[in-house]
Amino acid sequence: MSQQDYKEDRRVVVDTRPIPLVILAKSYRFIIFLVAAVLFVVIIALPTPAGLGVAGQRALAAFVVCLILWVTRVIPLAVTSLLAIVLIPLLGILDSSEAFSLFGNQAVFFILGAFILAAALMKSGLSSRMALLFLRRFGSTPRSLLIGAMLVPALLSFLMPEHAVAAMMFPIILEVVHSLKLKPLKDNYGQALFLSMAWGAAIGGVATFLGGARNALAVGILKQSTGQFIGFFEWTIAVLPLVIVMLVIAHLIIGRFFPSQITDVKDAVVALENKNKKLGKMSLEERLIGLVMILTILAWVFLGGRYELATIAILAVVALFALQLVEWKDLEEYVNWGIILMYGGAITLGFALEKSGAASWLAKVTITSWAKSPFLVVALLALVSLLFTEGMSNAAVVAMLLPVGLGIGKQYGIDLRIMVFAIAVPAGLGFGLPMGNPPNAIAYSSGYINPRKMLTIGLILDLVAWSVFLIMIKIYWPLINIKF
Amino acid sequence: MQKKAAIIENPALLKLELLSKGVRLDKSALKSEEIAQALEIGNRVSVPLELDMILPGNVLVNIAVQECLDKDSCYVLKNDNGEFYITNGVAKTRVWIVPPPKFYNQTTSSGALLAKIGRTYGNYLLITPSGACEFLSRDMACKYCDVEAKQTPDKSIDDVLETVEAALKEGAAEYICFNIGYADSEDGGIKQLLPYIKAVKDSFNALICIQAQPPASDEWVDMTYAAGVDSLAYNLEVFDPEIFGLIAPGKKRLVGRDRYFKALARAAKVFPSGAVVSNLIIGLEPVESTLKGIDALAAFGVVPTLPLFRPLPNGELTSYVKLSPEAIAPIFIHLEAALNKNKLSSSWINHFNIVVNAIDAHLFGGQTPVKKNWPSIFSAKKHNKLALNLRRRLRVRATDNNEPTGL
Amino acid sequence: MKKFLLVLSTTEQSNEVVGYALSLAKDKDAALFVLFILDSNVPATIFEKLTNIGFIGDKPGSELKEAISNEYADQAHQFLNDIKEEADTKGVSCKTFIEQGDFTDKALAAIARFAADMIILNRSRKSVFSRLLIGSKIDRLLRKAPCEIKIFEGD
Ligand code: SF4
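Chains as they are written, first to last, in the working numbering: chain C, 1 to 484; chain P, 1 to 407; chain R, 1 to 155.
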């Protein structure tokens, strides 16, 4: 061996934590797998409980394994989904062609199309331009700017994933904060701006199928396991009042806890204008992307009954490519493909639980046996979803709770759409911790926000969201024909 | 008179004296076989003669054999019927000569003399695979640099392996220590050593230490450990910022003094406790400054090693802070306290024949009790190689690994 | 002249500790070195979160990570500049530095580099949780530091 042909290009790091911790970290994955495997075997080996068939019991075992892997993330979420898809036929719950075909569910393709559209918006800079344009209009007083800082991301979250909105808004808000010479942690106005941005994006994200893929996922699970469906427009109509009320309340709460000492935001407007100038004139590309986006949404709203949402989404994608508005390379950079698989697996698993009877059995042993009022059950489920989402990925919350939720709904004869809303909507409304919700994490990472304050106010907002949701069920939904 | 006798009687003080003053050979000494062997090897590799000897109390010292300039304080090695003594004219003490290892006289299959490839000091085998050092080529050599000895031809991996094998077989060394000069790249020169380290690790179950300059990025500290290095030295040599610049212009200008601290701090975290060392040469700066340096290094887990300044025969550095043994002794007591405070052991120091360390310090009246005699204190056997390798396996991981970070 | 070292970080900074350090340096006629340690962990975690549980691709994630890191550096620069100005008006000799990495390591390396006689730290009152994380950093420094330590308990 000569010196030349010896290459040490494998980069390494040395873990300097205490040895027991290192061992724990190293064996963490193994331990989780072991626990999952043991639980799996135990559930399968136990005598089948009354009311649950063998298939149901096995589906339950598969569910538990996937749940553990999803929550602990010892393997990528997507890989867990792949596991689900082979585990289910292997256990004889579904036959394998059925299991694999579920993976190609329309909801998955809808989400795929939505991601690609969002990627086009981001890559072309159209999303930033829209944000700048709108935000500038709110620049007359500190108060109005704060409203803008919440409303603009909220509206953008109607169109694209809330995480992407928050990531895109971050530099813009930063620009505003810099121009006003706000000090990290010290100036209330800076904290208020970042929280408005994060919470605006989160609240906006529940409004459409585009803002949070969990919404589309939930509807996908509903459709696959029960045949029922919620349309694009129908969803937004059902949720919009909640979104509006929450935006108002969030704004008021932020204003109350962070009274602004700022009297003038002219500098911010100048900064936004400069940033906008730097983007140059709106290009033809951007205009076309905007057009495709508008047409697509109109098609979802008005043609959604006749054509599948996924079909429209995919056609829009084809249009983007036909007009040479995006390149495949862009999509690779802007879309996390792996995670799309997660949705396919979640739907498959949901269906298997439902079909095997495991879902309704689970519902019975968890809630139905003691809770008498359907309303109480829904309220409880919404709360559980809200609490879970503070600590884990939104989509995982839906994948975990919805199959059981549907089982519960059937037993009480509750409109299953309510169950979908009761789980998917709160799953997008975690305000307190940076853990479960990327917009929160992004805002927190700005360094302007006092985490303790964010937690307190966020938890208050969680409770408010829950109450508003319940009021909406009682008062608003009956009006639009969603009843118990 | 009394003072002179006192020095002879205290092995630690004597070690200090011998380190700085060297020893002259009496005619009787020249007659002994050990000395003859050492002289012959010295001639063959054409380096000035140095002798490893053991003083009472198992204090090991490496002494330069040279003519005595200062007639008042000369140390002479005498041979009395096969027993060696050192005397300063007032008193004498028994010493034991460590004969040069036999492998020195062997040659590699390519015909190179093993003594030219590796030399043993105490129980470590020192190999300088390449004499290249950019400080030298850019005219920023360290003032204490033994430039002559540095101009060694590059050594092939095969020659190095054969030398290591011979030394290990003979039991002449337990640590394999590589020494490398500075290279102006991100790795600071360590990259050149990696193939040698890998080759030695692959073929022998030996402990490896290196002496190098700090790399520009901490990432390379991690890579050094991952490559199989067990103990490491980035030698600061002088703590005082100004004197540092004067004595080691290359270190100051090309590496930067703060890089020493940062890289040492990282290394101390990465390597086993006590395995990261750094020289602070006594006698190049005021004692105060040395003491500060000891505290600063020990604070981040680096074991300071304190060699005494030995002027080179024709080196530039002739003026230096002259310290009497009595002035030096407190430095070692301070060192010992600093090591104890930071729970560091000097078990990894292996060039203990040229540095005085905390284990010798008890002889100055420090606290460290002598638990064992030196061979076992310094023997590499106290290091459990299995545990060291296991530690490395556990701690090193590839950066692209997606371990859950939440734990 | 004595040398004092004030160590700040993304999570441990306050105007009060700066004021305290400056007046201490003035009283004792010492030179003040200010080291700001950037926390690289936060942006990395966000990045991971976005690509792992969020579903946007690598690019927006890494852009965001960079934006956050830059912001931290900007904030630190700004803060240090303010300190310098204040030091000038007070007539305290003051030098400032920014580093990225582990808090204790960087602080100890800086003590060595400047041969500091005293180190001044901020310890904010935090929740039990962050105390466990951040408090232990300072505790390690407390055990190790080879010089005098002043801890400023801020809010
Ligand atoms: S680092 Fe200094 S002592 Fe070592 S070879 Fe280079 S110049 Fe000589």
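Watch out, some of these pointers could steer you wrong.
[Stated by the list, open to error] To give an idea of the chain R side of the interface with chain C (calculated C-beta under 10 Å), a few residues: (1) Thr10; (2) Gln13; (3) Gly57; (4) Pro60; (5) Leu64; (6) Ala67; (7) Glu71; (8) Tyr72; (9) Gln75; (10) His77; (11) Gln78; (12) Phe79; (13) Leu80; (14) Asn81; (15) Glu85.
[Said to hold, decoys possible] Stretch by stretch, here's where chain R covers chain C in the computed footprint (C-beta under 8 Å, at least three residues): (16) 161-171; (17) 323-334.
[Said to hold, decoys possible] Derived lysine to aspartate or glutamate pairs resembling DMTMM-like cross-links, with alpha carbons at most 20 Å apart: (18) Lys21/P <-> Glu33/P; (19) Lys181/C <-> Glu63/R; (20) Lys95/R <-> Glu242/P; (21) Lys155/P <-> Asp139/P; (22) Lys186/C <-> Glu86/R; (23) Lys59/R <-> Asp187/C; (24) Lys3/R <-> Asp39/R; (25) Lys329/C <-> Asp27/R; (26) Lys183/C <-> Asp39/R; (27) Lys329/C <-> Glu86/R; (28) Lys183/C <-> Asp117/R; (29) Lys186/C <-> Asp39/R; (30) Lys278/C <-> Asp264/C; (31) Lys278/C <-> Asp58/R; (32) Lys341/P <-> Glu16/R; (33) Lys2/R <-> Glu134/P; (34) Lys186/C <-> Asp27/R; (35) Lys28/R <-> Asp139/R.
Honestly, the hints are just simulated from the structure, not real lab data.
Don't be surprised by glycine CBs; every beta carbon is placed ideally from N, CA and C.
Hint-by-hint comparison with the structure:
1. The beta carbon of Thr10/R is positioned within 10 Å of a beta carbon in chain C (closest approach about 6 Å), and the interface hint is therefore held.
2. Against a cut-off of 10 Å between C-beta atoms, the interface hint on Gln13/R holds, since the closest Cβ of chain C lies about 8 Å away.
3. Given hint, Gly57/R at the interface with chain C, holds; its Cβ is 4 Å from that chain's nearest Cβ, closer than 10 Å.
4. Nearest Cβ of chain C to the Cβ of Pro60/R: about 5 Å, under the 10 Å cut. The hint holds.
5. At about 5 Å, the closest approach between the beta carbon of Leu64/R and any beta carbon in chain C falls short of 10 Å, and the interface hint on this residue holds.
6. Look at Ala67/R: its Cβ gets to within about 5 Å of chain C, closer than 10 Å, so that hint holds up.
7. A least Cβ separation of about 6 Å between Glu71/R and chain C falls short of the 10 Å threshold, and the interface hint therefore holds.
8. At a threshold of 10 Å, the smallest CB-CB gap from Tyr72/R to chain C is about 6 Å, leaving the interface hint in force.
9. The interface hint given for Gln75/R is met, as the beta carbon of that residue sits about 5 Å from the closest beta carbon of chain C, less than 10 Å.
10. The interface hint given for His77/R is violated, since its Cβ lies 12 Å from the closest Cβ of chain C, which is over the 10 Å cut-off.
11. With a least beta-carbon distance of about 8 Å to chain C, the hint placing Gln78/R at the interface is held under the 10 Å criterion.
12. Annotation: interface hint on Phe79/R holds; nearest CB of chain C at approximately 8 Å, less than 10 Å.
13. Hint status for Leu80/R relative to chain C: violated, with the closest Cβ pair at about 13 Å, above 10 Å.
14. Annotation: Asn81/R was flagged as interfacial toward chain C, and the flag is violated, the nearest CB pair being 12 Å apart, outside 10 Å.
15. Annotation: Glu85/R was flagged as interfacial toward chain C, and the flag is violated, the nearest CB pair being 14 Å apart, outside 10 Å.
16. Counting residues of the segment 161-171 of chain C whose CB lies closer than 8 Å to any CB of chain R gives 7, which reaches the minimum of 3, so the coverage claim holds.
17. Interface restraint, the segment 323-334 of chain C with chain R: holds (4 residues with C-beta to C-beta distance below 8 Å; minimum three).
18. Between Lys21/P and Glu33/P, the direct Cα distance comes to roughly 24 Å. Violation of the 20 Å bound is thereby established for this hinted pair.
19. At most 20 Å may separate the alpha-carbon atoms for a hinted pair to count; Lys181/C and Glu63/R exceed this at roughly 23 Å.
20. Proximity of Lys95/R to Glu242/P is assessed by CA-CA distance (about 18 Å); at most 20 Å being required, the pair is judged to hold.
21. For the hint linking Lys155/P to Asp139/P, the alpha-carbon distance of about 24 Å lies beyond 20 Å, and the restraint is violated.
22. Straight-line distance between C-alpha atoms of Lys186/C and Glu86/R comes to about 18 Å, which keeps the hinted pair within the 20 Å bound.
23. This hinted pair does not check out: Lys59/R and Asp187/C have alpha carbons roughly 31 Å apart, beyond 20 Å.
24. For the hint linking Lys3/R to Asp39/R, the alpha-carbon distance of about 25 Å lies beyond 20 Å, and the restraint is violated.
25. As the CA atoms of Lys329/C and Asp27/R are separated by approximately 62 Å, the hinted pair breaks the 20 Å bound.
26. With a C-alpha separation of about 18 Å, the suggested pairing of Lys183/C with Asp39/R holds against the 20 Å cut-off.
27. At roughly 51 Å between alpha-carbon atoms, Lys329/C and Glu86/R are farther apart than 20 Å, so this suggested pair is violated.
28. Proposed proximity of Lys183/C and Asp117/R is contradicted: the alpha carbons are some 31 Å apart, above 20 Å.
29. Under the criterion of a C-alpha separation no larger than 20 Å, the hint pairing Lys186/C with Asp39/R is consistent with the structure, at around 19 Å.
30. About 24 Å separates the Cα atoms of Lys278/C and Asp264/C, which puts this hinted pair outside 20 Å; it is violated.
31. Annotation: proposed proximity of Lys278/C to Asp58/R is violated, straight-line Cα distance about 24 Å (limit 20 Å).
32. For the suggested pair Lys341/P and Glu16/R, the alpha carbons sit about 32 Å apart, so the restraint of at most 20 Å is broken.
33. Taken as a hint, the Lys2/R and Glu134/P pair is broken in the structure, with Cα atoms around 36 Å apart against an allowance of 20 Å.
34. The straight-line distance between the Cα atoms of Lys186/C and Asp27/R is roughly 28 Å, outside the 20 Å bound, and the hint therefore fails.
35. Proximity of Lys28/R to Asp139/R is assessed by CA-CA distance (about 26 Å); at most 20 Å being required, the pair is judged violated.
Checked against the numbered hints given earlier, this structure breaks hints 10, 13, 14, 15, 18, 19, 21, 23, 24, 25, 27, 28, 30, 31, 32, 33, 34, 35; the rest are met.
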